[in-house]
Every structure is written in structure tokens, then in C-alpha cells.
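Peer 1: Chain residues, written in single-letter form:
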Amino acid sequence: MFELICNVFLFVFLGYTYFTHVLEAKVPKSYLKNPNVLHPSVWPKAIIILLLICIAINIVKIIKKNKGNPDFTFKAFGKNSLEFLKSRMFIGMVVLVVASFILEPLGFVVTAALLMFAYGMLLGEKKWWRLAIVACVLAVLLHIAFSGLLGVSLPRGTVPFLRSFSLFLENLF
Amino acid sequence: MNLGEMFVSGLSAVWGGGTMFLMVVVAIVLGTIFGALPGVSATMAVALGLTFTYTMGPVPAIVFLTAIYCSSITGGSITAILFKIPGVPSSAPTTFDGYPMAQRGEAGKALGVALLASAVGGLFSALVMFLLATPLSKAALAFGNGDMFAITFLGLSILIVLDTEHILTTIISGLLGLLLACIGQDPMAGVARLTFGQTSLLSGMEMIPVLIGLFAVTEVLKQTNTKKRLSAEDGVGNKGKVNTKMPTMKELWSIKFTLLRCSIVGTVVGILPGAGATIASFMCYTMENKLSKYPEKFGTGIIDGIAASEASNNAATGGAMVPLLCLGIPGGNAAAVMASALALKGVQMGPRLLNVQPEFLSATFITMIVTNILMVIVAIGIAKVFAQILAVPYYYLGPIILLLATIGSFSEGNIVGVSVMVIAGIVGIIVKYMHLNSAAIVLGLVLGGMCEKYFSQAFQKAHIVTAQMGFGDYAAKVFESLFGSPISAIVMTACILLLLSPIYMPFVKKITGKNKPAA
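So the protein lines, in turn, are chains A and B.
All you need for our numbering is the position in the first sequence, starting with 1, plus 3.
All you need for our numbering is the position in the second sequence, starting with 1, plus 387.
Source of the hints: derived by calculation from the structure; they are not laboratory data.
All C-beta atoms in this analysis are idealised placements derived from N, C-alpha and C, irrespective of residue type, glycine included.
Among the hints, erroneous ones may be present.
As the list claims (entries may be wrong) - Rough simulated footprint, nothing fancy, chain B against chain A, three-plus residues with beta-carbon under 8 angstroms:
no. : stretch
1   : 25-34
2   : 96-108
Said to hold, decoys possible - Listed next, the in silico PhoX-like pairs over lysine-lysine satisfying Cα-Cα at most 25 angstroms (straight line):
no. : chain 1 : residue 1 : chain 2 : residue 2
3   : A       : Lys64     : A       : Lys78
4   : B       : Lys819    : A       : Lys64
5   : A       : Lys82     : B       : Lys819
6   : B       : Lys848    : A       : Lys32
7   : A       : Lys48     : B       : Lys896
Produce the complete structure using the sequences and hints provided.
Peer 2: Next up, the structure:
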């Protein structure tokens, strides 16, 4: 059912995109005067049309394939969705999204340590203190290695003392 | 630049006063470790390797990434033999004979054959690349825009046909990739398309974070639901201690034709856009099984099976570099990541590379040779300690991959890159549940820009010109753009035949099946 819902969503989204967002600015008149040039909307519109056809066929195929399947109902989908929301994979996704949000204000060192700790726990490490030490040491080492030694810019954070700490690490070597 | 000059230029680039040589060794170690880690594919290894190249110049970057690319394929054989877990998908056939040998206490011999076969395949393909690069680049200079479009399109068409069980979803995936490539400003008129009002999308999709997200983050997310610890198999009870005794000369001589055949086939498969090391290794394993005098022994632990798989998958890496550097068309996922990385460094991949930046071509060639030789020594060392390294559980390995992926996505100095990586990782999971093909999405994304540019230019140059074009004129102009020259006509016809093969092949099989005499 998830596959079907995704396909239907994609179909509707592409249909909406076709009519509203293929071109988001006016094409210069000077460009359109030349009859030899390809209009900027032709290529994406052609792809969207082909996609709509293929997705429509795929939707029919999915429905035909699952005819009579007891799991192919909205009720079963709701149950599976609840299970997915409790799964470690979903929590992993949430951890990643949170990490991407805190990266700018807290900087790489703190985000990396928190990400490593949270994901390590999620993956089954039971000795949290060991994981916490490894996460902190690794985050600092990676920051020193990439930012300090290799010259790769990493976010220092906007919180003053965290920013100062990142700068301190970068200037160690 | 002739072949001799290319050779010397490549040697000086790779030696680089010793610093560059040391960097190659570091890249081989990293590549072998990345390749050997289960769940880290060659593509992911190159994507993670990118993190280290942001501050490098173009030549060191190409040398570093090439070394990682080649060695990661070889590294995959270590876990395939010791743990029955292919480090990279292309090493899957290595498990068929490698693991049974390890169980018999012949892990050392199996590893030795795998490493030597990898080196032979890699060296062969490097040589082919060296010999083919110049003539192919010269020939490609004569290609028109229509021809280049046709060749680029062939890459997508081949990919679709290779996954015959999921043709429709692969087509959808390829088209989605092409559509994603349209995001941003149109290449001809500079008009914003498909940005949904986001100014950060005006310059197009950020390729590197998307690739890192789709390959590295998605894989870690997939592994989140599994818990496993690995232990090496040496068959004699010495868990964690691996002897890397080399095979004898007599044994090597017995597989000489296997090595030769699989190196040739692997290189050819690698050159084909869309096909890659995984297809090469499966194809060669099956081929050797059919050609063998003792096919019943395949899968029971014989060196022929390991040699077939490893020679071909490494040969395919060199093969994939030919279309990437000479035509600007990546031969597979890992090559697509390389293409994005090299484009960032200002490398103009394609037929003009030989004239404008020949040092890149020669550096790649020499790196492949040096890597394939050094790799044998380095990989033996790594194999010896790998049993201990792999005791590192995934709850440390997974987060480390995520941290490297974050660094790689941020390295362009844009925090949006990290968000794009996370979104791409989650999309990768949805793609999996929708049974779409992420490889096709990536190839569509990488080739999309080129496809549109070449098609637009071919369309512009087509002869039919009318002030007010009707549908018929328009169609005729499109036809001329696609079939205007002999090369584009042949390649486009091949593409159409390939794309329509799922429709007509069942009929062909039915007819040929009926014509066969009854047994």
C-alpha cells in the first residue's frame, strides 16, 4: 500500500508541477524570437509527461499485483505505519534531521559527538559511558584532522564559547 | 601529447616529489578499508574519499580518488572471503568460492588469488585505457551534439535493460533523475525551472550531498534495524588470525586464461555506460563456469571462481574511466561520483580533456598502474589485521560513516548541503520501498544536464528552419536532431531497440523457442 500511495502522490505532485512550476520566470523575448532554439520548458515537460505515463502504468500494475492481498488495505497500511514510526530506522531519520538543524548553531564538534552518541545507542551499544567517551574524542579528532590539518571548513557554531572552542582546536596545529 | 609523453607526465604527477606517492599509499589503505567494510560500496568509498580532497588541487584529487576507487573494489574481496560478506556488491561472486576455501583453512591462498587477480585485471584495464584514450578522444572530437546526446542517452538505455525484472520502475527512476537535473536555471535561456521559489536551488541540485545521502546515509539507515557482529573464518580455529600465503606459480599458471578472458570482458563491460563492476563479476563468473572443464567444482572453493570475479570487477573500474574521461560520460555510480568531484575541481571531462588538460588523463592512468601494484602489498597487510578491525561493531562504524558523510556534504561550505544529504538519505529509503532503482536516479541526475545541453544544441543546429513552426516541422527538427548523422542514427536506433526489448523479446524468445527441435 505504501508503494501505491507513494506512486499516487508522485503522480499528483508531478501533475501539479507540470502546470505550475516548470517555468518560474518569463523567457526573454529575444530568446523566443529565434525559431531554432528549444523552448526551456520542452525538456522538463517531456520528461514529466513520460513520467506521468509510466507512473500511471505502475499504479495499475501495483493494484493488479496486490488484488486479494489482505495486507493491501488502508487498515493494514495504518498498522504498518504505526510500526514504522516505532522502528529504529525512523528514530534514526529523526536523529539525522535534528543533527542537521543543530549543526549551524552548535557547530561540528558538539553535533558530531551528539550524533555519534545518539546513533550508537540506537544501533545497540549498551555501555553508554564508553560510547560517550569515544563520541567526544572522535568528534574532536575529526575536527582537528579536517579543519585544522586538511583545511576543510567545518561549522564552528554560533554559540560564542562553542565557536571559541572550535577555533582553539583549529589552531592547535 | 603522444603515449610516451603521457606516460612520463603521469609518472611525474604521481611521484610528485614523494608526497603524492605517499598520498596514493594513504588512499589505497583508506580505499581497501572502505571497500572491505560491509555496507560501504565502492561508490560510498569514493563519496567518503571526496571529504579528503576538498583542499587538494585537481591532479592530487584525481590521483587520490582513482586510488580509492580501484582499491575499494579489491578491498571488497577480503570480507567476501573471510566473512562471506562482500564488502562491495561486485565481490559477491567471490564469496561463492572464497568462503568455502576459507572454511577449509585456505583463506590465505584465496586472498592471495583474489589480490593477484585484482591486480592483473586492474593493470590490464589501465593499459587498455592508456591505449584507447587518445584515439577515442580524437574520434570523439569529431562527434556532433546529436552524436554526444545519443551516446549519453545510451548510458541510460543500457541501465534500463540491465534490470530486466524491474524495467518500468527503472525507467521511472531514470526519468526522475533526468527531472532532478532540470532543477535550476535552463542551460540555454537561463530561466529558473522547478525551484519552487527556493533561491538555493537556482544553481541546480547539489550533486555531492545528494550522492552521499543516497549511498552512504541510506545504507546506514537500512542497517539500523540489524544487529550483527562479524567473525573471520579461517577454518582451523584461529579466529581473528589470517595467514595470507600466496598461491604457487603452478596454481597461477593454471588460471592464466581465466585471468585474460575476465580482464577483457571486465574492461569491455566497464566501458559500457551504465554497466559496472558488479555486472562484470557476475557475468565472468557465469562465463568461466560454463567454459570450465570442471564446472561442478565452481562454488565448492576453487581458485578459478575467485580469479574470474576479482579480475573482472577490477578490470571494470579501469574500463569505466574510459568513457568518463574521454566522453565525459560516467560508466557507473562510482564514476558518477568521480565525475561530480572532478567537475568541482575544474576538470573538463570529455574529448577536449586530452588537448586541454592531458595531465589528468596521464595521472589517472599511472595512478591505476601504481595502485594495482601497491594494492597487493597493502591489501595483504590489511587482510592480516582485518579480522581484528572488523570486530568493531556497527554501532561505532555506522555513526562514523554518518560523521564522514556530514563532513563531505558540508565541505562546500554550505549548511544546506547537510540538509540535502539528510533528505537524500531519507528519500533513498522511500526509493527502496517504492522498488525504484537509485543507480538509475543517480545516472539520470548526472547525465541529465549533458543530455539536455547536447539535445538543445543539436536542435539549434538542425537545418529545418521555419519562422512559424507547426507540429510537423517541430517533429521533423527533433528527428533531424536525433538521427541527423550516421553515428547518432546508429546509436539512437540501438537505444530504441534496447528500450523496446522488453516488448519484443518475449515474442522473439517464443519464436526461437518454437523453432528449436524437440530434445
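Peer 1: If a hint holds in the structure, say so; if it does not, say that too.
Peer 2: Tested hints:
1. 25-34: holds (count 8)
2. 96-108: holds (count 7)
3. A:Lys64 <-> A:Lys78: OK: Lys64 of chain A and Lys78 of chain A at ~21 angstroms, within 25 angstroms.
4. B:Lys819 <-> A:Lys64: 17 angstroms, holds
5. A:Lys82 <-> B:Lys819: 20 angstroms, holds
6. B:Lys848 <-> A:Lys32: Distance ~20 angstroms between Lys848 of chain B and Lys32 of chain A Cα, so the pair holds.
7. A:Lys48 <-> B:Lys896: Status violated; Cα separation ~36 angstroms.
Going down the numbered hints, you'll see the structure goes against just number 7.
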